[in-house]
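Chain residues, written in single-letter form:
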Amino acid sequence: MNETVMLECVNLKKYFDTPRGSLHAVDDVSFRILEGKTLGVVGESGCGKSTLGRTILRLLPSTDGKIIFNGRDITNLPARELSALRKQMQIIFQDPFSSLDPKMTVYQIIEEPLRIHKTHPSKVERMKQVEKLMEIVGLDSRYMNTYPHELDGGRRQRIGVARALALNPKFIVCDEPVSALDVSIQAQILNLMMDLKEEFGLTYIFITHDLSVVKHISDDILVLYLGQMVELCSSERLFENPLHPYTKALLSAIPVPDLSSKGKEADVMQGEVTSPIEPPPGCRFAARCPEATDRCFQESPPFFEVEPGHFCSCFHFCHA
Amino acid sequence: MSEALLEIKDLSIRYTTDKVISRAVNSINLKIDKGEVLGLVGETGAGKTTTALSILGLLPRYTSETEGEIRFKGHKLVGASEKQLRNIRGSQISMIFQDPMTSLNPVFKVGRQIGDVLKFHNKTMSQIEVGQKVDEILQMVGIPPSRKEEYPHQFSGGMKQRVMIAIAIACRPDLLIADEPTTALDVTIQAQVIKMMRSLQKELQSSIILITHDLGIVANLCDKVAIMYAGEIVESGTLEDIFAQDRGHHPYTLGLFGSLPNIKEKRSRLTPIRGLTPHPSELPEGCHFHPRCPQCMEICKTGRTPDRTVQNGHEIRCHLFSAGGRQP
Chain Z
1 MNETVMLECV
11 NLKKYFDTPR
21 GSLHAVDDVS
31 FRILEGKTLG
41 VVGESGCGKS
51 TLGRTILRLL
61 PSTDGKIIFN
71 GRDITNLPAR
81 ELSALRKQMQ
91 IIFQDPFSSL
101 DPKMTVYQII
111 EEPLRIHKTH
121 PSKVERMKQV
131 EKLMEIVGLD
141 SRYMNTYPHE
151 LDGGRRQRIG
161 VARALALNPK
171 FIVCDEPVSA
181 LDVSIQAQIL
191 NLMMDLKEEF
201 GLTYIFITHD
211 LSVVKHISDD
221 ILVLYLGQMV
231 ELCSSERLFE
241 NPLHPYTKAL
251 LSAIPVPDLS
261 SKGKEADVMQ
271 GEVTSPIEPP
281 PGCRFAARCP
291 EATDRCFQES
301 PPFFEVEPGH
311 FCSCFHFCHA
Chain E
321 MSEALLEIKD
331 LSIRYTTDKV
341 ISRAVNSINL
351 KIDKGEVLGL
361 VGETGAGKTT
371 TALSILGLLP
381 RYTSETEGEI
391 RFKGHKLVGA
401 SEKQLRNIRG
411 SQISMIFQDP
421 MTSLNPVFKV
431 GRQIGDVLKF
441 HNKTMSQIEV
451 GQKVDEILQM
461 VGIPPSRKEE
471 YPHQFSGGMK
481 QRVMIAIAIA
491 CRPDLLIADE
501 PTTALDVTIQ
511 AQVIKMMRSL
521 QKELQSSIIL
531 ITHDLGIVAN
541 LCDKVAIMYA
551 GEIVESGTLE
561 DIFAQDRGHH
571 PYTLGLFGSL
581 PNIKEKRSRL
591 TPIRGLTPHP
601 SELPEGCHFH
611 PRCPQCMEIC
621 KTGRTPDRTV
631 QNGHEIRCHL
641 FSAGGRQP
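Read top to bottom, the protein sequences are chains Z and E. Letter by letter, the first sequence follows residues 1 to 320 in my numbering. Letter by letter, the second sequence follows residues 321 to 648 in my numbering.
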């Protein structure tokens, strides 16, 4: 079994300075992804999932902690070396409407990374490569000279995928790649991404708020709440045996499309996500937690292994 | 059965812009009884929102053409005067719009925005009565009445959607049209809003048309379901008719269910519908779904596909279910 660690984060932190204080977007996140696996990152808006993805790619500077990619610490890599690294790590953005330059044709968009990284020096080669990429992602080559606004959401997202694949990366951060799409198109793109993973041996971080999608595509799942890790384990285990009260609430809130859910009252969680600016001590979820005790408001629960491979940060499972 | 609360007969809506004619809604029939929750399901561009706007007479007058009949409590809504419509809008039929962030007026306090609806439809109501009523409505949607002095930007997304619902139910309408009411919200907040809508529906005995693309919400809330594709209702019936796996379904309905990742079982691959939704200005001949349909027959490529009643109330518009066609 191939057990190479593709990416490792160690106590990664990303704080933003705001006029009202420091915003803890990503707070002390540690995990590792093995080569060829998919890690799903789930959470509600504002839990820091996108910031985590961008910090890992060094699109945002980290505040503290380490990012180790392919055995190499890239946390403070200088810009020149970073550019070489970009060939290996790419991103697919959420919104296929605003992440493509409206003044560039499909060909120019997919060709741009090839030109910047000088992987294909001649124009003919680049043309061939763009054609090949378009075929891989299922885009007809007659769209080569059209502009993004002429295409629908599904085709636009395929352009985004082709652009991310252009440099033959090993690792891709997928930031909500299907949430702007209709279900039938969403299924096409999800299938495409799974096929590409098989074909090119890719490793994904798949960021989403949709738990059914994340279950479908991920090997492991990390649940975030207000920038902190709540639970981490294999995809099957999380759905079989969710431990943290937040994970449980999140799972019970998904409307299931079958007759068993008719008229069913979900265990509705009270309140809303609190502010990530200068968070108070204690468990960040305590204010909404149905099982919170006094201790939860005073101390932060550690993130520890409850059973082999299943991590959770909640005092209810910590008997130490 | 007594007369339906709302009945739509043979409704067609066309938009004309720059010589391009978009056939957004194509002869649909719908019926909703008192106290019923109808789910109108479909993907982007299926004509769901156009149908909803036509009920309220909110379609742009110069670019759209409406044919057919919409009857609300026996009154015709197509062709009604603006004055008649204004009296119905907000008091007897009201709408919850999709995006709470842009649908509220940012420069007025939320209490005033709710009060305005009350005052418009109850001219004799005193300022004090309006104030009391606003407090009462805010409480119903789970907002502390003290927050009526705040502006929309001071509310979170879920809270803004509650304000929208408060405005919609202020006059206790008979029919509430909710256009993707939870699409912009997080799952846990969505669960709160759905729970609240269910209890309000019980309390007010309103009928609801719930427009959504989320079959999970439909299963949770609706009594009846109509599935729209390219401006047509391709399948309609009770929730059981649509969701039961052992009954016959339109190929598009099957495609929609096959596209959903299932939370209960893990499948290695999804079975999406091939191809793309056609633009309403270039609808294919014959059955609009035939170019994408895995069970397409020669007969599907031309002419109009009739509605077939498969079982009492369960209708499917597909040749597979007509006489001579093979039953799947």
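It is worth saying that the hints were derived from the structure and are not from the lab. Don't take each hint at face value.
Derived SDA-like pairs (lysine to any residue); straight-line CA-CA distance at most 20 Å [as the list claims (entries may be wrong)]:
#  : chain 1 : residue 1 : chain 2 : residue 2
1  : Z       : 170       : Z       : 304
2  : E       : 329       : E       : 405
3  : E       : 584       : Z       : 103
4  : E       : 584       : Z       : 304
5  : E       : 329       : E       : 438
6  : Z       : 262       : E       : 405
7  : E       : 515       : Z       : 220
8  : E       : 515       : Z       : 302
9  : Z       : 248       : Z       : 170
10 : E       : 584       : Z       : 8
Listing some non-contacts, in silico: residues in chain Z with all C-beta distances to chain E over 12 Å [said to hold, decoys possible]:
#  : residue
11 : 30
12 : 37
13 : 47
14 : 63
15 : 167
16 : 192
17 : 195
18 : 216
19 : 239
20 : 265
21 : 268
22 : 270
23 : 272
24 : 295
Residues from chain Z that face chain E, not an exhaustive set, calculated with beta carbons under 10 Å [to be verified]:
#  : residue
25 : 112
26 : 114
27 : 144
28 : 149
29 : 153
30 : 191
31 : 201
32 : 212
33 : 217
34 : 250
35 : 251
36 : 258
37 : 277
38 : 279
Heads up, the beta-carbon is just placed ideally off N, CA and C, and yes, glycines get one too.
Cross-check of the supplied hints:
| no. | hint | verdict |
| --- | --- | --- |
| 1 | 170/Z with 304/Z | violated, 30 Å |
| 2 | 329/E with 405/E | holds, 19 Å |
| 3 | 584/E with 103/Z | violated, 44 Å |
| 4 | 584/E with 304/Z | violated, 27 Å |
| 5 | 329/E with 438/E | violated, 32 Å |
| 6 | 262/Z with 405/E | violated, 35 Å |
| 7 | 515/E with 220/Z | violated, 31 Å |
| 8 | 515/E with 302/Z | violated, 34 Å |
| 9 | 248/Z with 170/Z | violated, 33 Å |
| 10 | 584/E with 8/Z | violated, 30 Å |
| 11 | 30 | holds, 25 Å |
| 12 | 37 | holds, 15 Å |
| 13 | 47 | violated, 9 Å |
| 14 | 63 | holds, 26 Å |
| 15 | 167 | holds, 27 Å |
| 16 | 192 | violated, 10 Å |
| 17 | 195 | violated, 9 Å |
| 18 | 216 | violated, 4 Å |
| 19 | 239 | violated, 7 Å |
| 20 | 265 | violated, 6 Å |
| 21 | 268 | violated, 5 Å |
| 22 | 270 | violated, 8 Å |
| 23 | 272 | violated, 5 Å |
| 24 | 295 | holds, 24 Å |
| 25 | 112 | violated, 26 Å |
| 26 | 114 | violated, 28 Å |
| 27 | 144 | violated, 18 Å |
| 28 | 149 | violated, 14 Å |
| 29 | 153 | holds, 8 Å |
| 30 | 191 | holds, 6 Å |
| 31 | 201 | violated, 17 Å |
| 32 | 212 | holds, 4 Å |
| 33 | 217 | holds, 8 Å |
| 34 | 250 | holds, 6 Å |
| 35 | 251 | holds, 8 Å |
| 36 | 258 | holds, 6 Å |
| 37 | 277 | violated, 15 Å |
| 38 | 279 | violated, 17 Å |
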